[in-house]
Amino acid sequence: MPYFLALDAGGTKTIGVIGDSERELARAETGTIKVLRADPESARSNLASLLRTLSLSSNVDLQSITRICIGISGIRAPRVGNWIRENIPLLAAGELLLCGDEEIALDAAFGDGAGILVVAGTGSNAVGRGASGKTARAGGWGPLLGDEGSGHWIGQEALRRALRAENEGRPSALLAKIAGFWQLAGIEELVERGNAAQAPDFSALAPLVASCAESGDSAAKETVERAGEELARLAALVVRRLREQGESASLRVAFAGSVLSSPGPVRIAAIETLKRSNPEIEVFAQSVDPVEGALWRARNGLR
Numbered sequence: 001m002p003y004f005l006a007l008d009a010g011g012t013k014t015i016g017v018i019g020d021s022e023r024e025l026a027r028a029e030t031g032t033i034k035v036l037r038a039d040p041e042s043a044r045s046n047l048a049s050l051l052r053t054l055s056l057s058s059n060v061d062l063q064s065i066t067r068i069c070i071g072i073s074g075i076r077a078p079r080v081g082n083w084i085r086e087n088i089p090l091l092a093a094g095e096l097l098l099c100g101d102e103e104i105a106l107d108a109a110f111g112d113g114a115g116i117l118v119v120a121g122t123g124s125n126a127v128g129r130g131a132s133g134k135t136a137r138a139g140g141w142g143p144l145l146g147d148e149g150s151g152h153w154i155g156q157e158a159l160r161r162a163l164r165a166e167n168e169g170r171p172s173a174l175l176a177k178i179a180g181f182w183q184l185a186g187i188e189e190l191v192e193r194g195n196a197a198q199a200p201d202f203s204a205l206a207p208l209v210a211s212c213a214e215s216g217d218s219a220a221k222e223t224v225e226r227a228g229e230e231l232a233r234l235a236a237l238v239v240r241r242l243r244e245q246g247e248s249a250s251l252r253v254a255f256a257g258s259v260l261s262s263p264g265p266v267r268i269a270a271i272e273t274l275k276r277s278n279p280e281i282e283v284f285a286q287s288v289d290p291v292e293g294a295l296w297r298a299r300n301g302l303r
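For the record, in the sequence shown the residue sitting at position 261 is 261 according to my numbering, with numbers rising by one throughout.
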């Protein structure tokens, strides 16, 4: 019987599944294996621990795996892909298929059909497939050069807006909330932490920002509305690029990633922005489970 290994490797966590031709046999989660977000030793330890847990839970020997599909954020960075290609064969057998995390999420949403997928977790990007199979993408440039609307962007942008409000005499509840979350005494320590050479995990602030936005904090509301607009812009760019390739781009849109996984303020803002320019757009109600797309691709041997 053939067995398949699927990994959804994000900037914060990695989800893995082992399945056969019909069923998911085991699922587990660990920290990131993306070497741009973790040192190689930590990434290697996370990967080994995850595969060991999956093997024990499924009773499947890792050397009997037929095919492995890994969707990982930052795949366009050579260091990321090279590290995976070097380390996976040391732990598991099987043909290796390596692709972007947005590609497996697209497969989870639409299979090999047409549609647009917007991903916003630690980072952000969008990918789409037209009716004849051509693809286009936008975003995914990383936290320093892009990733607008992502968890990292939301945390950092909210802090900037809250500090700006403080300067303008419009105190924001966000500053106290973030200081409490980071266990800091006040604004001076907050500024020091935010400007540290080793940047804090801004993406961890995203749920807090969303909560403050729903409570009416103006800096938080401005941030999540802008985040939704930026994510909608990525989807619109993908639609335009597909049409430039002669594709009749589908107006079915699905969301994936922690920022968009529930009907919170960022998701609402993104949908409202999309519908203003394309009223006929169809948005999937349920968030996508990307690792299901990786398993689908492993089973079908699709690169």
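Incorrect hints may appear among the rest.
[What the hints assert, rightly or not] Label-pair distances were calculated between CB atoms; the ranges are:
1. Glu168 <-> Asp20: 29 to 37 Å
2. Pro279 <-> Ser57: 45 to 53 Å
3. Ser49 <-> Glu282: 36 to 44 Å
4. Pro171 <-> Gln198: 25 to 33 Å
5. Ala77 <-> Gln286: 38 to 46 Å
6. Ala185 <-> Asp20: 30 to 38 Å
7. Asn278 <-> Ala48: 20 to 28 Å
8. Ser215 <-> Arg164: 35 to 43 Å
9. Leu237 <-> Asn167: 45 to 53 Å
10. Gln198 <-> Pro2: 42 to 50 Å
[Claimed, not checked] Below, simulated DSBU-like cross-link-like pairs (lysine-lysine); rule was C-alpha separation at most 30 Å, straight line:
11. Lys13 <-> Lys177
12. Lys221 <-> Lys13
13. Lys177 <-> Lys134
14. Lys275 <-> Lys134
15. Lys221 <-> Lys275
Hints in this document: simulated from the structure, not taken from any laboratory. Beta carbons are placed, not taken as given, at the ideal position from N, Cα and C, and that holds for glycine.
Status of the hints after comparison with the structure:
1. Glu168 <-> Asp20: 29 to 37 Å: With a Cβ separation near 60 Å, Glu168 and Asp20 fall outside 29 to 37 Å, so the hint is violated.
2. Pro279 <-> Ser57: 45 to 53 Å: 46 Å, holds
3. Ser49 <-> Glu282: 36 to 44 Å: 40 Å, holds
4. Pro171 <-> Gln198: 25 to 33 Å: 29 Å, holds
5. Ala77 <-> Gln286: 38 to 46 Å: 30 Å, violated
6. Ala185 <-> Asp20: 30 to 38 Å: 54 Å, violated
7. Asn278 <-> Ala48: 20 to 28 Å: Violated, at about 45 Å.
8. Ser215 <-> Arg164: 35 to 43 Å: Violated, at about 19 Å.
9. Leu237 <-> Asn167: 45 to 53 Å: 33 Å, violated
10. Gln198 <-> Pro2: 42 to 50 Å: 44 Å, holds
11. Lys13 <-> Lys177: 24 Å, holds
12. Lys221 <-> Lys13: 27 Å, holds
13. Lys177 <-> Lys134: 45 Å, violated
14. Lys275 <-> Lys134: 24 Å, holds
15. Lys221 <-> Lys275: Holds - the C-alpha atoms of Lys275 and Lys221 are around 20 Å apart, at most 30 Å.
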